[in-house]
Structure formats: C-alpha cells, structure tokens
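Participant: Here the protein sequences come in this chain order: S and L. For the first sequence, our numbering begins at 1 and goes up steadily by one. For the second sequence, our numbering begins at 1 and goes up steadily by one.
Where hints are given, some of them may not hold.
Note that identical chains are pooled: a pair holds if it fits in a single copy or bridges any two copies.
Listed below are the simulated DSS-like cross-link pairs for lysine-lysine, each with C-alpha atoms no more than 30 Å apart in a straight line [as the list claims (entries may be wrong)]:
hint	residue 1	residue 2
1	237	206
2	362	349
3	206	236
4	54	206
5	349	113
6	70	27
7	27	412
8	93	206
Because the hints were derived from the structure by calculation, they are not lab data.
Protein chains: 2
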Amino acid sequence: MGFFYNLEAVFKPSSVAVVGASPSFGKWGQLIMSNIVAGRFPGPVYPVNPGQEKIFGLKAYRSVTEIPGKVDLVFVATPARTVLSLMEECGDKGVKGVVLITSGFSETDNHGKKMELEVAETCRRRGIALIGPNTMGIIAPYADLFATGTHSRPGRGNVAFLSQSGNLGNQLIHWASQHGIGVSLFVGTGNEALISCTDLLEYLEKDSNSDIIILYLEGVEEGRRFLDVAARVNLKKPVIILKGGRTDAGRLAAQSHTGSMSGRDEIFRAVCRQAGLLNVRVPTELLDLSAGFSCLPFPRGNRVGIVTLGGGWGVVTSDECNERGLIVPPLPQEIVDAVGRHLPPYWSKGNPVDLVGTRDPKAPIAAVEELLRWDGVDAVISLGIIGRLEIVRLLVDSTRAADPEISEDFLKKVEEFSERYERDYVSSMVDLMERYEKPILGVTLAQTREGTVRTVQGNRYSGVFYQTPENAVNVLARMVEYQRRVGSLRTL
Amino acid sequence: MGFFYNLEAVFKPSSVAVVGASPSFGKWGQLIMSNIVAGRFPGPVYPVNPGQEKIFGLKAYRSVTEIPGKVDLVFVATPARTVLSLMEECGDKGVKGVVLITSGFSETDNHGKKMELEVAETCRRRGIALIGPNTMGIIAPYADLFATGTHSRPGRGNVAFLSQSGNLGNQLIHWASQHGIGVSLFVGTGNEALISCTDLLEYLEKDSNSDIIILYLEGVEEGRRFLDVAARVNLKKPVIILKGGRTDAGRLAAQSHTGSMSGRDEIFRAVCRQAGLLNVRVPTELLDLSAGFSCLPFPRGNRVGIVTLGGGWGVVTSDECNERGLIVPPLPQEIVDAVGRHLPPYWSKGNPVDLVGTRDPKAPIAAVEELLRWDGVDAVISLGIIGRLEIVRLLVDSTRAADPEISEDFLKKVEEFSERYERDYVSSMVDLMERYEKPILGVTLAQTREGTVRTVQGNRYSGVFYQTPENAVNVLARMVEYQRRVGSLRTL
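Given these sequences and hints, build the entire structure.
Facilitator: This is how it looks when you write it as structure tokens:
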C-alpha cells in the first residue's frame, strides 16, 4: 500500500512544517523544531503555533493552511484531540505526509484506539502518508532532515533503520552516529496506524540509497504480507531483524508497550529462516552487523585467516571462529614461506599468524595481504593494529613524566607517526579489500576515539574495526550465513 | 608452593631494580622503567645497565650486586642467555622475587626449554619467587607499582587478575582502568616456570585486598591441585575463569603460543561446574562480571524488577531475563499502587515499570525504591537514566544553534542540572543498595564519558552502569548462578 502514497516526498521533502512548534526547551515541539533547524534542513521550515509570533526567529503560523508556500511534510506534536481536524487541514493544504509524534492513541485505551482509526481513515481518504502516531520521528540524512527527539545526526550511508520502538530506535541511531555507521533513513514507525513496516520495506526495496535494512519489530499486523515482502527484499538487500517479545516476559512487556500481540517466537524464527532472513538477539548486534554488511565485501566461503598482535587473542578468536562454524585452516608450506618473509624467524608459522611483536611497520599489512592472496581463505580477521595509538599515547605521557632528558619534539613525532600509521593501515585494508574482494574485519587493541567504521575517501568499502574478537567473528559468521541462505534461495 | 616464597614482598616490595633498563623509547627496559617511575612507585627504583651512567636522571648500576641498598624485586629485560647467571647474582643480593619479562624460553624451542628449567631450578635453590619468563609484567596498585609494557594504571580495588596471556591481560587491565574497575593485583604469569596460577590463587586467598579473582587460562600443569585450590578459594572469593583453547582451532593456536597442551574443554567445564567455578566465554564478559561482582551486593534469588525509560527496552530486557533463567514477576496490586503514586496515570502498571517519559525527577528513584522494598524481587535493573546527560548535551548544542533568543545562562543551567542529577542518581542507587542489600544494575542510555563503575566516597557498594541490557542481565544471571553453586557446596 506504500506506493499509493508519495513516500518519496515524505522522506525527501522540499519543505516542512512543525505543528505545535515551541520555544520551550525540552517540549516535543521544541525538540523536533530545533533538531530540524540545527541539522540545517535546506528547505523552508514553518513553525505552526497560534500562540507565538516567532519561534527561533522564524515567523510562526496560526495554522497549516495559513502557510504561504507548499508544504510536503508536517510534524505534529499537539494533543491527540487536535489531530483529527488537523489532518483535514493538511489534506486541504495538499500535504504529502504527516509524522505524528503525538501519543495517547491505541497504545493508551479504547478511546485512543477509536481516535487512531479515524485519523488513519482521514489520512487514507486525503492521500496523506501517515507515520505514527506515537513515533519518535524520522531521520533522512540525504535530505538533511533530522527530526527526532534525540539529536543524533548520523552521516549519510546505506543502512536504513525501521523501529517499532522509539527509544530503541533512537539508541540505535545514536550508536550508529557514534560509530560512524552511515544511515540512509531512520523511521520510528510508532503505532503504524496507516504506513506499516511492510510498506516501508517496499519503499526501501527501490530506494537507491539503501543497501541494508535493519528492523526492530515487536509485532506485525499482516504477517503473511510482511514475510513475503521481507523475503523478496532480502534477496537484493539484507534485511536484519531484532524481534522484541520473544519470551513470555518480553511478550507481556510488549503488549503493555505498543498494545501488539506478538506471536510465538519459535514460529517467527522458523519462518524467517525459511525466508532467508537474519534474526539477531540484541540491539548491539544490529549495529555490529550494519557496520560489517554495509562496509565490507561479502565472503565467498567460511575460511578465515587470522593475523594477531599477540598469542592469547589468536586463541580466543580461533575458539570463537570454531564455535561459530568458521574454519581457521592450517597454512600450506608455500603460504608459511610467503608470510614468513615479512616476520622474524621465531613467528608462529601457522594460522593465526602471530606477529610476535615485530617492529617492521610493513609486516602487519604484508601478512594480511599474503593471506588474502591465498585462495585458501575467504576473509581475514586482523587483531590489534588499530587502537595501538591509544597505548602509544599512554607511553608518551609516561615517558614525558619519567625521563627529564627526553625531547618533546621526539615524543610529538612518535605520536604523529602512530596516528599516520593507523590512517595508512586503514587505507591499506580498504585497498586490499578492493583488490581481493574479500572482507577484512579489524579488532581494536583499545577503545579508540573514532568509532567502528572508518571511511577512506573515494572507496567502495570502508575499514571496520570492532572492539572485541567475538563481535568481529559474529559479523563474519552472519555474513557467511546470509550468503548461504540467499544463495540457496536464489537458485530455487 | 607459593608460601615457600615471600610473595608478599614481591607484590608489595619496598625497592625494585630493572635489569636492562634503557632510555631508548619503546624497548622493554624503557617501557617497564618509565611505567614504574611515572606511576610514582614510592620506594627506590634502581636501573641496571652497564652501558649507561644515568637513566631518567637516576644513577644506573653495572649489576644487581652493585646496588647499595636492599632490593626486594627485580624486573629483567635482558636476553635469555644472560638470565641464568643473573639469577645467581639476585640470589647473592637477597632478592625476594624476579619478574622475568625476557622471552626466548620454553615457548620457543627445546634449547629455550632447557634454559628455562635451569633458571627455575636456580631460583628455587636461591629462594627467589620467579614470575615468568615471557611475562608482560605485573601491576600492584596497593604498592603503587605499575610494571607492564602497556601503561594503563587502574585504581585500587578488590579485583585480582591473573593472565597466562600477556596481551589479553594487558587489554583486560586497560579496559578495567577505562571502566573504573578497581584492581588489587594483576600478574601476567607467562610460562610459569616456577610460580604458577595455582600458587598465586593461594596467595590471593589470603590477600585482604582481593575479593574477586579473574583468570585467563590456556593450560594448567597440575590440574588436580589447581582445581582443589580454585574450588576452595571460590567458596570465599568468586573465581571467574576464561579458558582459551576451547576448540580445536583455539587449542592449536594456544599450543604455538605458550607451548601448553590444553585438555578437552567439555571436561574442563564439567569439572569447573562441579567445583562451583564460573566459566565465561569472552574477555569482555570477564570485565562485566568483575564490575558487578566487586561493586554490588549479591542477589538472594532470581526475581527481577525492571524500571525503564522506554517500552522497547523493557521488552528486550524482559526477553533477556527470561532466556537467562531470571524471573520478571508481575506486580501485585499493592506494588502497582505504590509505584503508581510516583507516575502519571497512564503508566504501564506492571513489571517492567515504564516511566513513560515522566518529568518528575524523583520518580525514577522512587520507582526503584518501591521495587526494592517489595520482597517479591531480589534485584532491580534500571534502564536509561544514566547517559541522558549525553543526549541533553546534544539538545543543548542544537538549541544554541537553532534559537537566537535562548539564553546561554539557561543552557548552562540545564547541563549542570543534568550533570548533578546523574551524580545524585548514582548516590541514590548506592544508598538504596546499602539500605535494602539488593543489587541495582544500571544500563546507560548512551555511551558516557565515565566508565561502567561509579564510586561514591565512603560507601561499600558502587554504582554499576552497563552499556546494554544484555550485559546487565548476564551479570545478574551469573551472580545468581554463583550464589546457587556456592550455596549448595557450602552446605555439603
């Protein structure tokens, strides 16, 4: 049903209005309005509030119909009882879409449910694409439109997020922006009185900015249609789902939250598996997967080469690989020889390749390349080059404190060298991925100031550096799983 | 065998020497030396290096025996071939312990193995407690002794870390210091030529600073003795183990790393379970558990109250609880009434308690207290109060950018209020834990600048705030598991 509405105009509006806009710090009408303005939406932004002359220095209008120019998209933060007549006004004005922040509808009581049905019916009649009610807003980076209560502003990218829970969605987006994960669209779908997740999936199927789709679901109305659409989209663009309300306790919580009755989890998971869709268990996994799926080439198989800065880490990573169905193949003599040319003679001579603290700055990159070049591995996990800068900084501080003879200039150079080395390492990894079309998953030695994703201008892939080996292994295992599921479905 | 040696003098030395001390940035002798000095070890620090007059402004000695004062502990970073005669010298000097950083021993080849046996035998004969060889060093915060290659300096606390892998140990300690987890002792045990993890466990059993013991193991020589000791210690102080080399791939990696042959994982786990010991799967779990186990009262049962800032999160957390054997009990009418007094009428009226965006600053604290007061729950998980400050800061920045009329003074006050509120909230949680002797596990709304643990001066417990619900639930589930295992063993 999505295509009956002009969702393109909703998510790439040329002008927006905020009904209930307010200068009062922390109110919904102020949250949305200030986010849109501070986020530099390029088109006109019309505050609507009969009680104000100006808001943020912009002329405030008494009603939507009073606005002189055309209005594509209207955000609404006024009480539930005002909404029905407002929708008629929006219809008169030729508005394409409404994002209805207002709560107090079907999630509250029967009266709210009745109002919600009427609002939806009015929008349907007037051809208005209604998002919500009870939504936390939307973010459309390609339109420079940031319109959620939480003012995170992720960069442009190819991951679309749809969330039936506002607060979970906001948290995901906040994490995404902190970790450098580029976003094509975020929609808090709220009560889905009119436009559902399924409609949005159909929109995203054709949206050229979106390559990966992340869903947080609590319940789906038209289950059959949802699965058909999701399965179809998933063949082209990975659809990754976190389903809340898997257990009795969660289901009970979901019921009081969105009023949705979610079905039994085992059935949902079985159906998803059949349809080739990936299910995840926790929100952070959605983030990890969106980084890997959106920034790396897909592996053609499950064989992993590991390059590590220290033995213990290689052990832990090998264990994780083994437990997740990934193979850590032994190296044939020719590869041992090839890798060995770059390392001290006492290196591990196996997979994981332990760099044994070599000081040759080229060795870590050469070791990764030798593995990628070999047709015995489909992916490489690189442990601990990125993040060393943080450790170097600690050491520089100590040396400054301990050694009165050390030259400040030398210490500055050490830090600069480490910074440059990490930057160059990221570039090398991206280059290697382009060259060999195999993914490299990095793991940081220490938490870095940058996030998980590091882009390199002008490249198709980006560097991805997780904080732990288990996260990297999980993402790789899921990429393999996706390839297998979709591969076997595609050949049907 | 640990008590034959004076480990007390090793971990609380009054003077230390560094053999192979060097001014050359990045060499082991510089790393250790600069860390000890910059970490403000209070006793004398003697650099030993025949090629230098002074190091870091301190007089350098040609040998250990040349040092005028007494020397409790010696760090050694000179090549393997120099070590044997050096141990005799240390014996002559009356040194209590040696931390042998040097590698090139049993982890390398048979020749190295032979040297290692000789070194160990010499130390045994001379009564020197030998840590290593092939260790990344030790950290003893209560002695202000920081002597690892990675210069993380965690604060004093009650968690002891023993690690058979240096790099994993260093990473754990780095994380611990970033997350505010207080440490009593860290020992990289290296090849364990003389002092083993088991000896150190016996030492920690009596160490009054250590309440929780974290082990990263790859292999244990005297398996029976280790298990007997670990099981005994665990009844008094939780012993939490990560065993590397669980799978074939990991075992192979471990073998080339420390030369240890680790046994079959299923057997190890079964034996641990019988002994009441907790096993974890990944390094970050060690961190999570050390925060919770060291800072919170233990729950007396598995019933959880959840207080959440948003519905979706309550759902996800309930699911996790259910899947981990924790019960999220429904609230009886009296508790619904008690909680309801602090919330708007449209609140969820169940467990999870959804705060439904109430603006009353006292409500989140009151809701937690009403649940703790009720004898139907043994613990509370509080979702999303801490971390709101980060979101407020984003909003303040936006408002400053969007609203030309806003007063800077007002925005400053908003930020200050949020800061104070978080501080007060932490204090309240700590107070409530002292009052009700039940744990409160927090989850942050957004990554904060502070770490997981927030101490409140003069209190027995500390605030613990994880980044995700699943981490909080896992820790709580493990605390319940520990109580049960140890409880049933204690009554035997």
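Participant: It remains to establish, for every hint, whether it holds in the given structure.
Facilitator: For each hint, the structure was consulted:
no. : hint        : result
1   : 237 <-> 206 : within (10 Å within a copy, 58 Å between copies)
2   : 362 <-> 349 : within (18 Å within a copy, 61 Å between copies)
3   : 206 <-> 236 : within (10 Å within a copy, 61 Å between copies)
4   : 54 <-> 206  : neither (40 Å within a copy, 71 Å between copies)
5   : 349 <-> 113 : between (67 Å within a copy, 19 Å between copies)
6   : 70 <-> 27   : within (26 Å within a copy, 69 Å between copies)
7   : 27 <-> 412  : between (47 Å within a copy, 18 Å between copies)
8   : 93 <-> 206  : within (28 Å within a copy, 78 Å between copies)
Checked against the numbered hints given earlier, this structure breaks only hint 4.
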